[in-house]
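Just remember that the working numbering sits 995 ahead of the position in the sequence shown, which is counted from 1.
Please note that the accuracy of each hint is not assured.
To be verified - Label-pair distances were calculated between CB atoms; the ranges are:
1) Leu1053 / Lys1032: 12 to 22 Å
2) Asp1000 / Thr1055: 27 to 37 Å
3) Ser1006 / Ile1039: 11 to 21 Å
4) Arg1025 / Leu1053: 12 to 22 Å
5) Phe1049 / Lys1004: 17 to 27 Å
6) Asn1001 / Ala1037: 17 to 27 Å
Stated by the list, open to error - Think about it this way: if two alpha-carbon atoms lie no more than 30 Å apart in a straight line, the pair counts; the simulated DSBU-like pairs of lysine-lysine are:
7) Lys1032 / Lys1004
8) Lys1032 / Lys1054
9) Lys1004 / Lys1054
Hint data in this document are derived by calculation from the structure and do not stem from the laboratory.
We put the CB at the ideal spot given by N, CA and C, even for glycine.
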Amino acid sequence: MDTPDNWRKSSYSGPGDGDSCVEIAGDRTRVAIRDSKDPTYATITFPTEAFTPFIDALKTTHSTVTDFARFRG
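Whenever a hint applies, use it, and build me the whole structure from the sequences.
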């Protein structure tokens, strides 16, 4: 997947500039995720069909998008 140009922030972004969240972009075949605090850092990409199972797995372990950002390191 080339660098997407359709990044959007999570609707669960924190107050202010929403710096405690992730951004997502995608096309018909891939979904990409990046840390909104450092958008130049590496992204995680998934085949579209693997994205929902990934999010479901995170929900069982991490309760918020902020937890996901911490999980990323």
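Hints versus structure:
no. : hint                          : in the structure
1   : Leu1053 / Lys1032: 12 to 22 Å : holds (18 Å)
2   : Asp1000 / Thr1055: 27 to 37 Å : holds (32 Å)
3   : Ser1006 / Ile1039: 11 to 21 Å : holds (19 Å)
4   : Arg1025 / Leu1053: 12 to 22 Å : holds (18 Å)
5   : Phe1049 / Lys1004: 17 to 27 Å : holds (18 Å)
6   : Asn1001 / Ala1037: 17 to 27 Å : holds (18 Å)
7   : Lys1032 / Lys1004             : holds (11 Å)
8   : Lys1032 / Lys1054             : holds (21 Å)
9   : Lys1004 / Lys1054             : holds (18 Å)
The structure agrees with every numbered hint stated previously.
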